[in-house]
Amino acid sequence: MTQTLTRTLPCLMGSAAILAASFAAPAQAAWTGGDDQPTSPLACDASTVAPDAGSYNGGTVTGAQPSDTLRVVDVPKLVGIGYFNATSAGVAEAAAELDGVEATTDGPAQANIDDQITLIDNYITSGVGGILYAANDPVAIAPVLRKALEAGIHVVGYDSDAEPDARQWFVNPAQFNGVAKTLMDELAQQIGADGSFAIVTSTFTTPNQARWIAEMDAYQAKCYPEMEWLETVEAQEDNILSFNQAMTLINKYGEDMDGLVGMTSVATPAAAEAVTQADLCGEVSVMGLATPNAIRPYIKSGCMEDAVLWNPVDMGYAALHVLKAAVDGTLEPGAAEVEAGRLGTLQIINGSEVLLGAPTVFNAENVDDFDF
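With mature numbering (1 follows the signal peptide of the UniProt record, and there is no 0) applied, the sequence shown covers -29 to -1, 1 to 343.
Rather than coming from a laboratory, the hints here were simulated on the basis of the structure.
The beta-carbon is built from N, C-alpha and C at its ideal position, and this holds for glycine as well.
Some hints could be false.
Here are the simulated distance ranges between beta carbons [unchecked claim]:
| no. | residue 1 | residue 2 | range |
| --- | --- | --- | --- |
| 1 | D165 | Q8 | 16 to 22 angstroms |
| 2 | G123 | S18 | 28 to 34 angstroms |
| 3 | D86 | Q160 | 35 to 41 angstroms |
| 4 | G163 | D16 | 17 to 23 angstroms |
| 5 | S18 | T89 | 44 to 50 angstroms |
| 6 | G163 | T40 | 55 to 61 angstroms |
| 7 | P22 | D250 | 42 to 48 angstroms |
| 8 | E197 | T301 | 49 to 55 angstroms |
| 9 | I211 | E254 | 20 to 26 angstroms |
| 10 | P22 | D136 | 16 to 22 angstroms |
Please model the complete structure; the sequences and the hints are all you need to start from.
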């Protein structure tokens, strides 16, 4: 279901009132932007239940050849943004401390699944021993990852998963329902249990964001039924488009919108910039997923109270440790935990997911304690 949404293009450095152009883009009304998978909203209070490891449901590598040097390529959704610069730094840190491991990062310039598939296919042909990835599309990327497994290449995902049988393990930065609960609880604290909000996401097919949104929808219905979810719009992983989409929502809903939620590390600071330029700090709350460096100026200015994320350096670090453990045979199907260097012992959930940990809330008290 789509509608026509008019978007305006203000200059990022100019006044929010200066509108340069407008064009049509798809939007949605009743649909939130989540996927159609089953949800499991957590309790409305602080109680949680630790998930079971479950039966292994990942893929199997065939014909892997031992080698003195394990060559690994890290293929994130895109390169050149702070979030994936941080995951790449974590991969490099792990490679430096693991014996016989060489790792490089090579991702597309934009969050384009076709470019990502081409890159992975090229590395299968050139010959690597391991592939790390953060998927732009869980279904579209699966065939080339299965091809890698069949070629004897170990495959581990992080941040954004593929179909489970297309990789061996996936480093889950946080449980989807846990992220959803944290986001909705923080949002409700800011705009009230009957407030209205809109979301700026990357694409409706990006697996982790669609999963978070689906869980947010379920948790909101259960715990904040009076909240009004106005709309969810796409903005790729693009700073200018995220700003434009946030400004469009501001112009469209006016006083009827109490909050803006960014589902990417790009969208959240871009939404804060739009609110700042619109002179609506204190009237429209901004929160979401973001790196502390990106949202620090807006927390310092008072235009944001907080943002939610995990440490992406740790995620990249964990991903390479998990891949090396799979290569060495110290991590096998059926395991309930895995050792990950300085991170210690990480829990395995949902059959083949390595849980990085609970999300962190960055606010005025702790934002200066992080640098990524």
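Do the hints match the structure? See the list:
Evaluation of the 16 to 22 angstroms hint for D165 and Q8 yields a failure: the beta carbon distance comes to about 28 angstroms. Checked against the hint of 28 to 34 angstroms, the C-beta distance between G123 and S18 comes to roughly 45 angstroms, which is inconsistent with it. The supplied range of 35 to 41 angstroms is met by D86 and Q160, whose beta-carbon atoms lie about 40 angstroms from each other. Roughly 18 angstroms separates the CB atoms of G163 and D16, a value that falls within the hinted 17 to 23 angstroms.
Taking the beta carbon of each, S18 and T89 are about 46 angstroms apart, inside 44 to 50 angstroms as hinted. In this structure the supplied range 55 to 61 angstroms holds for G163 paired with T40, their Cβ-Cβ distance being about 57 angstroms. With their beta carbons about 44 angstroms apart, P22 and D250 fall inside the hinted range of 42 to 48 angstroms. At about 50 angstroms, the CB distance of E197 to T301 agrees with the hint of 49 to 55 angstroms.
At roughly 24 angstroms, the beta-carbon separation of I211 and E254 lies within the given 20 to 26 angstroms, and the hint holds. At about 20 angstroms, the beta-carbon gap between P22 and D136 stays in the expected band of 16 to 22 angstroms.
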